[in-house]
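Chains as they are written, first to last, in numbering that gives the first Met the number 0: chain A, 0 to 408; chain B, 0 to 408; chain C, 0 to 408; chain D, 0 to 408.
Take these hints with a grain of salt, some might be off.
The list cannot tell twin chains apart, which means a pair is met if one copy fits it or any two copies do.
What the hints assert, rightly or not - Derived DSSO-like pairs (lysine-lysine); straight-line CA-CA distance at most 27 Å:
{"id": "1", "residue 1": "K136", "residue 2": "K386"}
{"id": "2", "residue 1": "K160", "residue 2": "K203"}
{"id": "3", "residue 1": "K279", "residue 2": "K339"}
{"id": "4", "residue 1": "K395", "residue 2": "K288"}
{"id": "5", "residue 1": "K386", "residue 2": "K288"}
{"id": "6", "residue 1": "K136", "residue 2": "K300"}
{"id": "7", "residue 1": "K279", "residue 2": "K340"}
{"id": "8", "residue 1": "K408", "residue 2": "K6"}
{"id": "9", "residue 1": "K300", "residue 2": "K386"}
{"id": "10", "residue 1": "K386", "residue 2": "K6"}
These aren't lab readings, by the way, just hints derived from the structure by calculation.
Quick caveat: nothing in here was measured; it's all calculated off a predicted structure.
Number of protein chains: 4
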Amino acid sequence: MAETIIKIDLKQSPYENEQIHNRWHPDIPMASMVKPGDDFIIECHDWTGGQIHNNDSADDVRDVDLTQVHFLSGPVGIEGAEPGDLLVVDILDIGTFEESQWGFNGFFSKQNGGGFLTEHFPEAQKSIWDFNGMFTKSRHIPGVEFAGLIHPGLIGCLPSKEMLSEWNKREKELYDTEPDRIPQLAALPYADTAHMGKLSGTAKQQAAAEGARTVPPREHGGNCDIKDLSRGATIYFPVYVKDGGLSVGDLHFSQGDGEITFCGAIEMAGWIHLRVNLIKGGMDKYAIKNPIFKPSPLTPKYDDYLIFEGISVDEQGKQHYLDVHVAYRQAVLNAIEYLKKFGYTGAQAYSLLGCAPVQGHISGVVDIPNACATLWLPTDIFDIDVKPNANGPGAKVTQGSDLPLSKDK
Amino acid sequence: MAETIIKIDLKQSPYENEQIHNRWHPDIPMASMVKPGDDFIIECHDWTGGQIHNNDSADDVRDVDLTQVHFLSGPVGIEGAEPGDLLVVDILDIGTFEESQWGFNGFFSKQNGGGFLTEHFPEAQKSIWDFNGMFTKSRHIPGVEFAGLIHPGLIGCLPSKEMLSEWNKREKELYDTEPDRIPQLAALPYADTAHMGKLSGTAKQQAAAEGARTVPPREHGGNCDIKDLSRGATIYFPVYVKDGGLSVGDLHFSQGDGEITFCGAIEMAGWIHLRVNLIKGGMDKYAIKNPIFKPSPLTPKYDDYLIFEGISVDEQGKQHYLDVHVAYRQAVLNAIEYLKKFGYTGAQAYSLLGCAPVQGHISGVVDIPNACATLWLPTDIFDIDVKPNANGPGAKVTQGSDLPLSKDK
Amino acid sequence: MAETIIKIDLKQSPYENEQIHNRWHPDIPMASMVKPGDDFIIECHDWTGGQIHNNDSADDVRDVDLTQVHFLSGPVGIEGAEPGDLLVVDILDIGTFEESQWGFNGFFSKQNGGGFLTEHFPEAQKSIWDFNGMFTKSRHIPGVEFAGLIHPGLIGCLPSKEMLSEWNKREKELYDTEPDRIPQLAALPYADTAHMGKLSGTAKQQAAAEGARTVPPREHGGNCDIKDLSRGATIYFPVYVKDGGLSVGDLHFSQGDGEITFCGAIEMAGWIHLRVNLIKGGMDKYAIKNPIFKPSPLTPKYDDYLIFEGISVDEQGKQHYLDVHVAYRQAVLNAIEYLKKFGYTGAQAYSLLGCAPVQGHISGVVDIPNACATLWLPTDIFDIDVKPNANGPGAKVTQGSDLPLSKDK
Amino acid sequence: MAETIIKIDLKQSPYENEQIHNRWHPDIPMASMVKPGDDFIIECHDWTGGQIHNNDSADDVRDVDLTQVHFLSGPVGIEGAEPGDLLVVDILDIGTFEESQWGFNGFFSKQNGGGFLTEHFPEAQKSIWDFNGMFTKSRHIPGVEFAGLIHPGLIGCLPSKEMLSEWNKREKELYDTEPDRIPQLAALPYADTAHMGKLSGTAKQQAAAEGARTVPPREHGGNCDIKDLSRGATIYFPVYVKDGGLSVGDLHFSQGDGEITFCGAIEMAGWIHLRVNLIKGGMDKYAIKNPIFKPSPLTPKYDDYLIFEGISVDEQGKQHYLDVHVAYRQAVLNAIEYLKKFGYTGAQAYSLLGCAPVQGHISGVVDIPNACATLWLPTDIFDIDVKPNANGPGAKVTQGSDLPLSKDK
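Input sequences plus hints: build the corresponding full structure.
In structure tokens:
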């Protein structure tokens, strides 16, 4: 078995582990060093570092401290990696801990981050998903079971100082256009809850003050939340600093395109088995700015879809110009209304679309003024037949259960 | 063989054919009537009605009159269809005309509609694609051949008066926010070039003055440009007027998600074989606002992908808030730069991404402030190996050819 | 459009067409010549040359003259082809004739060829399949509709004199082991009904007397009845004579692995669009004895299977040694019994397994003394749900119809 | 985590574990009892019980005692199961032991069981495969790496007394037709090495004398070696005795259709996670004789194939009558010759075809006198491009390594 180079203790605070960090900064020391060609295992906290529990209350989702997230394992240094290289990462496997066979999904309160449909679901809710081998189901959402397309939500290399500076500058400019907005427009550096790995003292304080938050995806990859970056995929990451500094976390048992519920996919703690190689000077050889990847040969075949269209006219009937975000929101809302006809509550449907291997396609982006987006709902994940027929919905799911909700305090 | 209920003559102007129209309006008389359960064939002009020719000049793309498009065949009335029903349409087949074994793709001049990357490709260009059975290749783009995922870009039922009125209102409001913008924000009604099928005289004039343009997708479907609405798919359309009034056109031999080049996919004239049925009261039974569909069991298997990521930071480094349109543009630009390393010109790469069965996925829409979108490039369509390796690009495509360009006058 | 180099007239006897032949012999003159790189269209009779009709009697199946089959179009000569080359054939497309939108499937009488289950279905029966675009269904088999995986049952190059001699020798030896067996062990040369293309006079008589029958697949390919040799596939054929001499026929709209009903798949007349190229000396370069091929990128996705196992213990309980033929027969019989529980007659089920895109896998061939074979039944071709559940079969197909049967005279 | 109801110790002889057995007999007591709806984990020895080692000598394969195999874990009793029921088994997961990250494949000596190509490879050889997460590669076969389609080679319920008696009778009859044959025609009961689980004393002796060997697949399933019975599949097993008595073993990391090398697939020790349910009276409800199953939604996508044809004319040119076994052997030999052109030795190619997810299709079984079978070789498992082109094989694999061979003593 490959060596586990970063270990965690689920009962311990991630702040006590020097091989964990929750900000991006070039000064964070390597947690461990490996060589090109090596394969190794890294253990990861769930993205909140254990703030969410396997119970039937959404209080923990409501009260979560989002300045702490995401707890990442790393950075792993690769001998010989230099700025301009491509770091080739094979995801050889991802798994759960024997003692932690569950994951969570939730909607944040609109007061604390919100989500894609926060106007429709403004308060904290949660669903818990049990793992049975490669399958999962939830006691809060009846009538579905499916295999996980397990993947890391967040993976990438440390930024250079120049890149970090550019990130902070452009996000601050956006933030400043509407500083009082809730949810906020961007998550700016915040030293109080920063965990900078092995850094300590003044060096830590300085880095913490300017360390980029882990929330958005950026040039290096980062929090891309791409469900297809799954076990078996090969990813080509730009390298910006000596030794590369690869960090990973935010493991998902399964997720729909868009990770619409924000909190988030089916979030889990677990381990990831990686192999690394280098393409020297690869950024220039292939004109790489953002990571590229090849998908896994091993993905669940949920490919009988029912497809919902959405256009960029919002819920109030207002016309937007080629806005795919609005269009996808309409497709999602259309799917939720459809599922309600089969007995689901709105919250169940919303959570399901965030967790199941739903596809979101950009279908038309030039036919002014409407963008068109489609949501692809796999029908094989349902116990009942959810396809349309001449008689209307037949069997419906057992009602009674729903996602626990915790009102804002 | 099923009956051909709408015939066209490629040598005749579509304006001379009463079974063609190019605006949406409830008053357009049915071109033909069928019964539920019937299957039938409809012939279609290419979307421009023959304005673009199989030659090596982009003058026709530059000079195209976009107020004429799209020429649609129909409307077909279905006996018994009433507002609130769902019209179930099986696309049994789509084909080309023996005498017209080619299609076109192009970029409009920024002065005349532009396209997704009009800032990068501001002048008219064109590529011609030859059909060889189910495959296509272009003399303007070397080293690619692929099977077509043939589909109608535009299909849907006539709107009601109320719906038409709503369309015109909301699009006018958007247009008025920046009326001098080029390209324009919306295509408003324009009577001069309207073709209202069998309507004539005052009735025609009145309808032409308020008939909605065919450019955007809307609640009824319309110009969705969804490549997966292909031969073999089943679509459920909302019905808004008595007899439904199904129209179809804008056939594509193949298209990438987004139809980024706007002019457009691989555009072609041809025929489509449909079967229709009704779900009475289906809009309410299934809470349907926009069409839904089931994809075809028969689609080309180009599923070895190289995937490019893009985030919502634009070419000038400006940060946008969860803007999937910007993110997808970056993914597309990243793919173009990559392909240039293999010998393609930028225009060749751009056209190819508009024509080939490229997928565009919405990958993250909640990780503030960056949306993440991915472009999935199928690698099996290339003669050469375009996957990355340690040595950099090996074989390159034969250079010399390029897309003809016609400068603005 | 590519040129049609071999045309047929469905109302004319294939014997009157010099570009048709029904035996394999190196002396048959080329029907037409093409160059490497050319693409062209060839029209084909159904394999019986029109002996079977679109009606509700199986008399024609009972009375068919099997010494006439298969009527092949060709041979097509390829300039420069020499023995030892590989002929690369791209199947660009296959289609039906507008005036012939149907196909047939049947069981021969045990007295006249029989079939895989002739002990169970000893008399002639027939099912007729109507084509609706890319889909088909049968008035003799309720509750199924599916897209065709259209392909030629028979395609290959002319044998050399030496190869022909070897074929005749080895098949005669087998035949002679049980010359009175019904059905016969092999179909030997038979001059009376031979059609030798352009050959006439003595040359024809001589060739007819030794021309190999077209029934079995052999080293050159021939009557392989491989459903995956479909439109879009690329095949590499050994070349044995100057100019190659490619012939093709026996088009199938769809077929299950094994073509178990023998008469046969969904048999049809139609046309095939081919492109040819050469790999000089390819047989040696790649150690090729039999053809190899790459499957099409375009195949129907019927991939939700119910899989039936069979072992090499026959219907009488007798143990056979690693006999895949017996094992597959048991898997087929198991599937038939299963389908009868859903309301199908045995004949309907048998015919369906011969026509639908059923897979037959060789699952175990070493676990003495039992071979294990599996039959993969695609469940999406059925209108009803045929998967097992705790309650037993739910909805059944409408009964009443069945395959017409004609008793032996 | 589900409970592990059967544990093993890789350092202990399986004969010392009461929850293991290596013969089929209705008297073997249940090793453990579960309820319908339960899920649980079972640990399994490799099929030889540890006789083969991770080294570079084939002595252990040559000297293996095949009367000991297969060591099965079970039988597991299911409360309420009765003869005539169907036992529904969901394979929730399968995994390896952390301390045993490897598997083996080999050819038995013709003196000791042989294999599919024992005439061509008559002596013992072995390849060792290392597991890297979900991927595997072998130090004895260069240039390949692929994801495992992990599955149990052997699984099924205990036979009734009547069924056992029938098995013994028919296999003895076959054996007696050629009792001196090597390899033998069937493996008859053999008490000396029988392990009958919890049975002891006279009861054990009696059962051991008549217990059926585990080698062949039979009505109950058993040693089917079906690669598609993989993690994620659902199987419906006939029940013949009270409580059912489900046993499982012979885990494979990967296997090609046919398990042609006999020793066998990539053989491994490991664990399997199962869930059981009952369909009362299901054998009659669905006319079930042999198990049926639904394949997993999670299988490796190695679907770019190069397909080799074989017909039932053997290596000596002798004609066989519709013999799929002979036809598949020719397809396999054709593939081996092809791979040798890319630098593989014959033994490497043979082993690879037994281990990789190769498909074996029954393509034609009625075209007298030749059966046609096809071997589907996935091309994506190779580091080099193995597809044909005009120039002949390009890059070849690194030569020098080969499978160790141990000569007969």
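Hint check results:
1. K136 - K386: both (21 Å within a copy, 22 Å between copies)
2. K160 - K203: within (15 Å within a copy, 66 Å between copies)
3. K279 - K339: Cα proximity of K279 and K339: across copies only (19 Å, versus 53 Å in one copy).
4. K395 - K288: between (48 Å within a copy, 21 Å between copies)
5. K386 - K288: This pair counts as between: shortest inter-copy Cα distance 16 Å, intra-copy 42 Å.
6. K136 - K300: both (17 Å within a copy, 25 Å between copies)
7. K279 - K340: between (55 Å within a copy, 16 Å between copies)
8. K408 - K6: Intra 37 Å, inter 50 Å, cutoff 27 Å: neither.
9. K300 - K386: For K300 and K386, the Cα distance is within 27 Å both inside one copy (18 Å) and across copies (18 Å).
10. K386 - K6: Answer is neither; intra-copy 46 Å and inter-copy 34 Å both fail.
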